[in-house]
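Visitor: Listed below are the residues making up each chain.
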Amino acid sequence: MEAIQIDRSIDARGMPCPGPLMSLIGAIREAEVGTVISVLSSDEGSKTDIPAWVTKARHEMVAVEPVDGAESFIVRKVH
Amino acid sequence: MVMQQTETQQAPVTTEEPTLSIVLFSGTDDKLTAAAVMAVGAAAMGRPVNVFLQYWALEAFVADVVKTDHGTAPEAGNEGSRRFREAASSGKTQHWSELLAQAKDVGDVAIHACALSMDTFGLRQEDLDPMVDGVQGVAAFMLDATGPIVFI
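Sequence lines, in order, name chains A and B.
Per the working numbering, the very first residue in the first sequence carries number 1059; after that it's consecutive.
Per the working numbering, the very first residue in the second sequence carries number 66; after that it's consecutive.
Extracted from the complex, chain A is given alone in its bound form:
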């Protein structure tokens, strides 16, 4: 598998719901199309919220990976 090039990383661990999602939305808004952003979250709500928002906003969920008891959501800005 090809390594994923991450352009921007956000460490949102410790932020309460819906903080990590809102951080992702802010980052996506500022980014150029094609940018890959990773959000590290320890919030349970992120597990459902981030995939739901990515689907709804029609971006691409590149990967979701567990990292030290948290979750890393890797998202590509599509439009």
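One should not assume that every hint holds.
[Unchecked claim] Sample of chain A residues lacking proximity to chain B, with all beta carbon distances greater than 12 Å (derived):
#, residue
1, 1094
2, 1110
3, 1114
4, 1124
5, 1126
6, 1127
[As the list claims (entries may be wrong)] Restricting the straight-line Cα-Cα distance to at most 35 Å, the calculated cross-link-like pairs of lysine-lysine (DSBU-like) are:
#, chain 1, residue 1, chain 2, residue 2
7, A, 1105, A, 1135
8, B, 169, A, 1105
9, B, 132, A, 1105
10, B, 157, A, 1114
11, B, 157, A, 1105
12, B, 169, B, 157
13, B, 132, A, 1114
14, B, 169, A, 1114
15, A, 1135, A, 1114
16, A, 1135, B, 169
17, B, 132, B, 157
18, B, 132, B, 169
19, B, 157, A, 1135
[As the list claims (entries may be wrong)] A few chain A residues facing chain B, derived, Cβ under 10 Å:
#, residue
20, 1083
21, 1084
22, 1105
23, 1107
24, 1111
25, 1115
Honestly, the hints are just simulated from the structure, not real lab data.
Just so it is clear, CB atoms sit at the ideal spot from N, CA and C, and this is done for glycine as well.
Once you have looked at the hints, place chain B on chain A.
Guide: Structure of chain B alone, referenced to chain A:
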């Protein structure tokens, strides 16, 4: 044909989403937080949000008292109230005013004060926090309340 499908999938996220209307009646911090979480979630998912402030909720939006302690709902009890305050002070939950600011930042969120409640308390719009967009009668609220209405 394939091109057309792609275009349909790429319609903007905000189109044709049902408006979420929230009638905010309670002015305790826990209920205001619950309402603000609904607002920010709806706004993030592309739904217009229409908030109508009545009575005790309206009083919590008076300028300069927004960040003061508004207590918790009776069902919280002493123990629940203590746990809520602990979560709030430790940053486990964001202040409702910050959540509403985020909702306004990401989406189409309007916050209006109920004209009757304004009269009842002798308030004018300049007495309210700037996040309140204006004063509305109930008919004007209903005009925008085309989707579900949540009462908190």
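Visitor: Hint by hint, note whether the structure agrees.
Guide: Status of the hints after comparison with the structure:
| no. | hint | in the structure |
| --- | --- | --- |
| 1 | 1094 | 19 Å, holds |
| 2 | 1110 | 7 Å, violated |
| 3 | 1114 | 5 Å, violated |
| 4 | 1124 | 22 Å, holds |
| 5 | 1126 | 20 Å, holds |
| 6 | 1127 | 17 Å, holds |
| 7 | A/1105 to A/1135 | 19 Å, holds |
| 8 | B/169 to A/1105 | 24 Å, holds |
| 9 | B/132 to A/1105 | 30 Å, holds |
| 10 | B/157 to A/1114 | 27 Å, holds |
| 11 | B/157 to A/1105 | 17 Å, holds |
| 12 | B/169 to B/157 | 21 Å, holds |
| 13 | B/132 to A/1114 | 33 Å, holds |
| 14 | B/169 to A/1114 | 18 Å, holds |
| 15 | A/1135 to A/1114 | 13 Å, holds |
| 16 | A/1135 to B/169 | 22 Å, holds |
| 17 | B/132 to B/157 | 16 Å, holds |
| 18 | B/132 to B/169 | 18 Å, holds |
| 19 | B/157 to A/1135 | 29 Å, holds |
| 20 | 1083 | 5 Å, holds |
| 21 | 1084 | 8 Å, holds |
| 22 | 1105 | 15 Å, violated |
| 23 | 1107 | 8 Å, holds |
| 24 | 1111 | 6 Å, holds |
| 25 | 1115 | 5 Å, holds |
Taken one by one, the earlier hints fail for this structure at numbers 2, 3, 22, listed in ascending order.
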